[in-house]
Every structure is written in C-alpha cells, then in structure tokens.
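There are 2 protein chains.
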Amino acid sequence: MSEADGAQMVSAGLVVIGDEVLSGRTKDKNIGHIAERLTEIGIDLREVRIVPDVEEDIVAAVNALRHRFTYVFTTGGIGPTHDDITADSIAKAFGVSIDIDPRARAMLLEYIAEKDLNDARLRMARIPAGASLVVNAVSKAPGFRIGNVIVMAGVPRIMQAMLEAVLPELDKGRPMLSQTVLADAKEGDIAAPLAEIAKRHPDTIIGSYPFRDEDGRFKTHLVVRAREQALVGAVADEVREMVQGVQKLLGS
Amino acid sequence: MSEADGAQMVSAGLVVIGDEVLSGRTKDKNIGHIAERLTEIGIDLREVRIVPDVEEDIVAAVNALRHRFTYVFTTGGIGPTHDDITADSIAKAFGVSIDIDPRARAMLLEYIAEKDLNDARLRMARIPAGASLVVNAVSKAPGFRIGNVIVMAGVPRIMQAMLEAVLPELDKGRPMLSQTVLADAKEGDIAAPLAEIAKRHPDTIIGSYPFRDEDGRFKTHLVVRAREQALVGAVADEVREMVQGVQKLLGS
Numbered sequence: 002m003s004e005a006d007g008a009q010m011v012s013a014g015l016v017v018i019g020d021e022v023l024s025g026r027t028k029d030k031n032i033g034h035i036a037e038r039l040t041e042i043g044i045d046l047r048e049v050r051i052v053p054d055v056e057e058d059i060v061a062a063v064n065a066l067r068h069r070f071t072y073v074f075t076t077g078g079i080g081p082t083h084d085d086i087t088a089d090s091i092a093k094a095f096g097v098s099i100d101i102d103p104r105a106r107a108m109l110l111e112y113i114a115e116k117d118l119n120d121a122r123l124r125m126a127r128i129p130a131g132a133s134l135v136v137n138a139v140s141k142a143p144g145f146r147i148g149n150v151i152v153m154a155g156v157p158r159i160m161q162a163m164l165e166a167v168l169p170e171l172d173k174g175r176p177m178l179s180q181t182v183l184a185d186a187k188e189g190d191i192a193a194p195l196a197e198i199a200k201r202h203p204d205t206i207i208g209s210y211p212f213r214d215e216d217g218r219f220k221t222h223l224v225v226r227a228r229e230q231a232l233v234g235a236v237a238d239e240v241r242e243m244v245q246g247v248q249k250l251l252g253s
Numbered sequence: 002m003s004e005a006d007g008a009q010m011v012s013a014g015l016v017v018i019g020d021e022v023l024s025g026r027t028k029d030k031n032i033g034h035i036a037e038r039l040t041e042i043g044i045d046l047r048e049v050r051i052v053p054d055v056e057e058d059i060v061a062a063v064n065a066l067r068h069r070f071t072y073v074f075t076t077g078g079i080g081p082t083h084d085d086i087t088a089d090s091i092a093k094a095f096g097v098s099i100d101i102d103p104r105a106r107a108m109l110l111e112y113i114a115e116k117d118l119n120d121a122r123l124r125m126a127r128i129p130a131g132a133s134l135v136v137n138a139v140s141k142a143p144g145f146r147i148g149n150v151i152v153m154a155g156v157p158r159i160m161q162a163m164l165e166a167v168l169p170e171l172d173k174g175r176p177m178l179s180q181t182v183l184a185d186a187k188e189g190d191i192a193a194p195l196a197e198i199a200k201r202h203p204d205t206i207i208g209s210y211p212f213r214d215e216d217g218r219f220k221t222h223l224v225v226r227a228r229e230q231a232l233v234g235a236v237a238d239e240v241r242e243m244v245q246g247v248q249k250l251l252g253s
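Taken in sequence, the protein lines are chains A and B. To get our numbering, take the position in the first sequence, counting from 1, and add 1. To get our numbering, take the position in the second sequence, counting from 1, and add 1.
In isolation and in its complexed conformation, chain A is listed as follows (with noise of 0.2 Å):
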C-alpha cells in the first residue's frame, strides 16, 4: 500500500518482552510512546502484548499477532546477556536459521573496539536470516526487520530511535485525528445524549474519559476520533451543543 491510497487502513501489534516488566520491576515506557507515534503517522496500533522472556511465549505471540496486523513491533531482548533470546525466538517463529551477521558485526565495530568484541557481544550480531537491519543511532547495536515484524531494543532512548529509523520505510494509512471536549459533568450525567451522538455517527469512535480536577470535582473528556478532519470537527461541535445544555441543565 502506499501512501497515495491512504483510505486503507494500516495496523500494528506490539510485544514487550521482559520479565522485568511483569514482575513490576521496571515500569514500561515503551508502549505510550510507541503508540502514540504510530498514532500519529496513520498506523493503528490494535493490540499490545507483553510476555516474559521465555522462547515459547514469545514465539507464540509473534506468531499470533503478525498474520493479524499489517506491522508487529518488539521491543526488548536483543543484549548480550542469556537471557536476551529474542532474535533467537524471532528465527524459530519464522523457522528460519540465525547467525552471526556480518553487517552487523560491522556495525558492532564502529562503536566496541575489536578487542573488545568477545563473544557475548557478539550476540547482538546474530540476526535471523533474510532480515535486513535497523540502525541504532544510541549504540549502534542494530534492531532488524524480518517479513512485517520490526524488532527493537527494549530500552527506550535506543528503541526510540530505532522506532525513527525504520518509520520512514512504512506503509502508513491515513492518521485518525481527535478532538477532545471538556465536559464539567459527571459521565453518567451526559452518557445517554452522548450515546445518541454515537449512534448517528458510526463512522467516528467516541471516547469518555473521566477525570478529577484538582478541586476533586468530576469531569469528563469526551474525545471523538476519526480520519477526516471535517467529519471530527462536525460531530465535535455536536458533543459541545451537548455538553452545554447538560451544564446548564445542571447549573455547573
């Protein structure tokens, strides 16, 4: 697909790996960024997963998310250390052998000395067959792209920049914008009006969020999503209309 024919929609699974994240031990701060950059650039971002650093699970996940999106992202695993196993689970899903790549090796010297090049860095040149390799501006240990699933470092200022270096390279469909409307109103007060907005318009997503001010009153942000401006700007001002009566209605 390309850009031109952007009424196509673009989409995208993502899989954390790490067991440092499901022990609660390091707080994931990959997945917020990575979606709203997708988000951003026209790539629906339909399904997150995070699995612990275990062949199979991640196997398994790859697997089930990458015949389901046009895209899947990985990050973590990708170090020198035994428990970095993910090109090695990423070759096994494809069932395709993995060794060390020389282009990646090359890439590995442009920043280690060769001296210093012992065989546990080394790992981080093993990329699976037929994948070509995505630049790691940070520490030049690359990420790689084999088929639709792009793999990444799980530490976020190289996956951030990993995540910039093979964006360009993408399909992208055409962004969903939003809009959002502050409601000074409990959601229950303006669920059923906003319902019926919905209704109307099935082509948008309506979304409520509520929220306490810092005066602990309740409020909602209403956030109405869809690809064209014009349609999100319409159904927007519907929201408002509403949202004004209902204040009114009750004196906020």
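These are computed hints drawn from the structure, not numbers from a lab. Misleading hints may appear alongside valid ones.
Note: identical chains are not told apart, hence a pair may lie in one copy or across any two.
Taking lysine-lysine and the BS3-like style, the derived pairs with C-alpha atoms no more than 30 Å apart in a straight line are [said to hold, decoys possible]:
| hint | residue 1 | residue 2 |
| --- | --- | --- |
| 1 | 93 | 249 |
| 2 | 30 | 249 |
| 3 | 220 | 28 |
| 4 | 173 | 220 |
| 5 | 116 | 30 |
| 6 | 93 | 141 |
| 7 | 249 | 28 |
| 8 | 116 | 141 |
| 9 | 173 | 249 |
| 10 | 116 | 173 |
| 11 | 200 | 141 |
Starting from the structure of chain A, add chain B where the hints point.
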C-alpha cells in the same frame, strides 16, 4: 490451593481494555502497579494484553488467558457510557446472561441519589449472572468476579481500591524473591561469566538490565530471582563476587 501449599505456582494474566491506551492518549498506570502487587503476594503475572473497546477482541483475550492462568484481571470499560462494554463482553466470554444486579444497584445508591440514578448510571450495575461483586471503596460502582476472572475499573485510584478488596480472597503462592547486584561494568563485560552462573543455577532466574548513571556511564543491574531466600542470597553472592572480579580486571 491454600497458602500452606505454597510450593504450587499461582499465575495471572491481565487484560487492559481501552482504545485510549492503544492510541497513546492515556499512558497506562495500572500494569506496573498490578505487576508489583501480585509479585509481592506470590501471584506470578505471566502475560498482559492491551485490547481496544471491541467486544470480539475483549472476549478473545479473556478466553485465551483464563484457561491458561489461575486468575485473569481486567481493567477498564466498566463506566456508564456507550463505550463501556467490558461487563457485556465478559458475560459473552462465559456464555452467561447479564442484567442489572440488585446488590450492585444498592451499592450505587450509597453514592448516587435515587433521582440521579438514570439509565446510564444503572449500566454500572449490569453484572454477569453468577458473578460476585468487588467492592469499590472510592466511588461505589463495583467490579466483579466470575470464575477466575476479576473485572476492575480503569481509573487507577479506583482500580487500586478494587485490587486491594479482592486480593485477600485469592490463592497465593510463595512470592518470587529477588536481590539486585549493581555492576560498574557494561553488560557485554559480564555476560559470559553471568551466563555460567545462570547455567549452574537453573532454579533461579537471572536478569541483566543495563542503564546509564547520571554521568552517562554504562552500568548494569543484575537481578537474581527465586522463591527461596537462601538460594537468592547464595546466587547473588556468586554474582557479586564475579562482578568484583570483572571490575578489577577493567580497573573500574
């Protein structure tokens, strides 16, 4: 399983429900909290899935995980608006009916005046047949538990209150314990001896997490995990000794 029978593993899956997390609008704060709490009390979080507000996706995720793990937690989608479809999706996943539950309605009336209990708010009292309720100490509208699935709110404060309300009823295993060793060395410098230690102790899990300190120096946290304190201590000692040897070699 009773707590006395602590040798058995108690596992959990988590399904985070919400378009807003997948679009990047909302940065999830629940996964880290749940991961940490479950780990503390001896329930191993084994997989997390983030899915959109789409019935089919919620049903698929819940059904996939509830047959694999002791418990499945869900967050999000139990408010009063049209996009809150979790309760209905869970009923569908279990193949049971769903209706307004008088117990849940009574809870709502502790917080909401009868005149304000409109149809939208009553949606929050829709509970699948056969479910028990999970008390909400913050804003009353309850979560629920059906079979091994525990359904909680998405707003962090409310989710946390529901989690604390339900944890005492759950089976627990022996908590996974951990000790962290700080290495003033890069991952690649310690990877080989670390792998040897890991190989000698297949009953522990050893993770390696690189980071940069404030001065931009690469260091590594090595985390030893097991369910026996003595084992964790002994292996952490081995790791510490190995690290000191490597640091001496590197002159760091």
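Hints and how they fare:
1. In this assembly of identical chains, the alpha carbons of residue 93 and residue 249 never lie at most 30 Å apart, being 61 Å within a copy and 39 Å across copies at closest.
2. For the identical chains of this complex, residue 30 and residue 249 are neighbours neither inside a copy (41 Å) nor across copies (34 Å), given an alpha-carbon limit of 30 Å.
3. With identical chains, the CA atoms of residue 220 and residue 28 are at most 30 Å apart both within one copy (28 Å) and between copies (19 Å).
4. For the identical chains of this complex, residue 173 and residue 220 are neighbours neither inside a copy (35 Å) nor across copies (38 Å), given an alpha-carbon limit of 30 Å.
5. Within a single copy, residue 116 and residue 30 get their C-alpha atoms no closer than 34 Å, and across copies no closer than 44 Å, so neither meets the 30 Å cut-off.
6. For the identical chains of this complex, residue 93 and residue 141 are intra-copy neighbours only, at 24 Å inside a copy versus 49 Å across copies, given an alpha-carbon limit of 30 Å.
7. Taking identical chains as interchangeable, the C-alpha atoms of residue 249 and residue 28 are never at most 30 Å apart, the minima being 42 Å within one chain and 32 Å between chains.
8. Taking identical chains as interchangeable, the C-alpha atoms of residue 116 and residue 141 lie at most 30 Å apart only when both belong to the same chain, with a minimum of 17 Å there against 64 Å between chains.
9. Within a single copy, residue 173 and residue 249 get their C-alpha atoms no closer than 43 Å, and across copies no closer than 51 Å, so neither meets the 30 Å cut-off.
10. Within a single copy, residue 116 and residue 173 get their C-alpha atoms no closer than 43 Å, and across copies no closer than 49 Å, so neither meets the 30 Å cut-off.
11. In this assembly of identical chains, residue 200 and residue 141 lie within 30 Å of each other by CA distance solely across copies; the values are 29 Å between and 51 Å within a copy.
The structure shown violates the earlier hints numbered 1, 2, 4, 5, 7, 9, 10.
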